[in-house]
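K.L.:
Each chain is listed here by its residues.
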Amino acid sequence: MSVLEVRNLEKRFEHTRVLNDISFTLEQGQALSIIGSSGSGKTTLLRCLNFLERPNGGSISVNGETLFDANDPATQDERRIRAKRLHFGLVFQSFNLFPQYTALENVTLARELLSKANGSESKAEIRDAGRELLAQMGLADRASHYPHQLSGGQQQRVAIARALALHPDILCFDEPTSALDPELTGEVLRVIRNLAEQKTTMIIVTHEMAFARDVADRVIFMDGGFIVEQGDPKEVIDNPKEERTRKFLANYARN
Amino acid sequence: MLLTVTVTLLEGFGTTLKLFLLTLVFALPLGLVISFGSMSRFTPLRCLTQTFVWIIRGSPLLLQILIIFYGPGLLFHLPLLPRFTAALLSFVINYACYFSEIYRGGIQSVPRGQYEAGQVLGMTPSQIFFRITLLQVIKRIIPPMGNELITLVKDTALVRVIGVYEIIWTGESFTKKGLIWPLFYTGLFYLIFNGGLTILFRKIEEKLDYFK
Chain A
1 MSVLEVRNLE KRFEHTRVLN DISFTLEQGQ ALSIIGSSGS GKTTLLRCLN
51 FLERPNGGSI SVNGETLFDA NDPATQDERR IRAKRLHFGL VFQSFNLFPQ
101 YTALENVTLA RELLSKANGS ESKAEIRDAG RELLAQMGLA DRASHYPHQL
151 SGGQQQRVAI ARALALHPDI LCFDEPTSAL DPELTGEVLR VIRNLAEQKT
201 TMIIVTHEMA FARDVADRVI FMDGGFIVEQ GDPKEVIDNP KEERTRKFLA
251 NYARN
Chain B
1 MLLTVTVTLL EGFGTTLKLF LLTLVFALPL GLVISFGSMS RFTPLRCLTQ
51 TFVWIIRGSP LLLQILIIFY GPGLLFHLPL LPRFTAALLS FVINYACYFS
101 EIYRGGIQSV PRGQYEAGQV LGMTPSQIFF RITLLQVIKR IIPPMGNELI
151 TLVKDTALVR VIGVYEIIWT GESFTKKGLI WPLFYTGLFY LIFNGGLTIL
201 FRKIEEKLDY FK
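First to last, the protein sequences are chains A and B.
Residue numbering for the first sequence follows my numbering, starting at 1 and increasing by one per position.
Residue numbering for the second sequence follows my numbering, starting at 1 and increasing by one per position.
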């Protein structure tokens, strides 16, 4: 059974159709890259999966459970969406760390709030887990730094640890290196590569073609709100079948 | 002589302080309510609130004090409000409108990404407000608030037009005895009090300086 199954997803803003008939599945432990030009709907797709946007059509299932179905109002209950969000983690392009909290507090805050509600873990346990995550990101010595004291690459790694702290089934990245100086992208990509090696289930929206090709198990090329082509990254990126994919990649290589 | 003047001025300053503090007590929370109104997604409420704020901020406080004091009697034959109550009411309404705009600016300047980051981490709207945005809003509104409070202290002098005797009125009463220095002396009261406010706000700013 697939971890994630997206069927016929549609999203409109006013009269603009941003997502059309998006269907794909994701297997446990797979990394999926979504590529495509700006405005192709990649980010909107991630935002729909994380319930930051409400799709106008289609369904989203995780581990066989239907989280959202446009035809079933019962799945759209505002109060339940909060719990459903926890199936997904999201790493933003612009990090969005909480400035008034240290790196460690950023990582532990949500889990502390959740366990306050159900009393499952002690504060000390959560803090230890948070420290471990930061260490995994190579930031053991930055735990008590505030976001503004960290470089962009370090902030993004804190953001990844923060998303991992809630053990999402699927970790989503929205162009995680696009806001970074070129010399800082490497450290973030390395961390994501490590996560892929540990078989973390991930969806990565990226402009880093070489990275998508090497790290992802599958790749989706989107254009104009449609999935134009999907498959093995080496095949899609090295030998695209569709004209539009070829054009996009040719443009990309030229820049 | 100095002692007599000091005691008299202190009495006047008591009224000034009382008006200042009571205005804060009521206008600070009322401003928040008004700011929610002016940010409402319900268009009639938003337009109504914004029009109200425009009228209050766009007309002189002096005029508002006069209207609130004389208006009910002359328009509806109602008994006059006690002078201090009428003064306080005008100040609360006026300052709540100014505060509401400061709050609105502060709330809207928190990037949407902060709310979204909280949402994807499964936080409730109230957790997002209290744990994430509130402190960021406070940090942003401290400098304009400090400004506004200093203006409030000085604006209290206006209430003499409806016969509430604050410090400048008491200071001026000595001119009848040919004394001008009590007027300078009243200035000193304002300077010291506003100096204290300035230091207080600088301290709060420093306290919140640990994050950006």
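Hints are not guaranteed to be accurate.
[Stated by the list, open to error] Label pairs and their in silico Cβ distance ranges:
1) A:G186 with B:P44: 47 to 55 Å
2) A:E242 with B:P143: 17 to 25 Å
3) A:R79 with B:F42: 19 to 27 Å
4) B:L45 with A:E242: 49 to 57 Å
5) B:F130 with A:E78: 18 to 26 Å
Just so you know, the hints here were simulated from the structure itself, not pulled from any lab data.
No experiment lies behind these values; they were computed from the predicted model shown.
Note that the Cβ used here is the ideal one computed from N, Cα and C, for glycine as well.
K.L.:
Give a verdict on every hint.
P.N.:
Going through the hints against the structure:
Here the CB-CB span from G186 (chain A) to P44 (chain B) is close to 54 Å, well matched to the stated 47 to 55 Å. A hinted range of 17 to 25 Å is violated for the C-beta pair E242 (chain A) and P143 (chain B), which are about 55 Å apart. At about 22 Å, the CB distance of R79 (chain A) to F42 (chain B) agrees with the hint of 19 to 27 Å. A hinted range of 49 to 57 Å for the beta carbons of L45 (chain B) and E242 (chain A) is consistent with their spacing of about 50 Å.
Checked against the given bound of 18 to 26 Å, the beta carbons of F130 (chain B) and E78 (chain A), roughly 19 Å apart, stay inside it.
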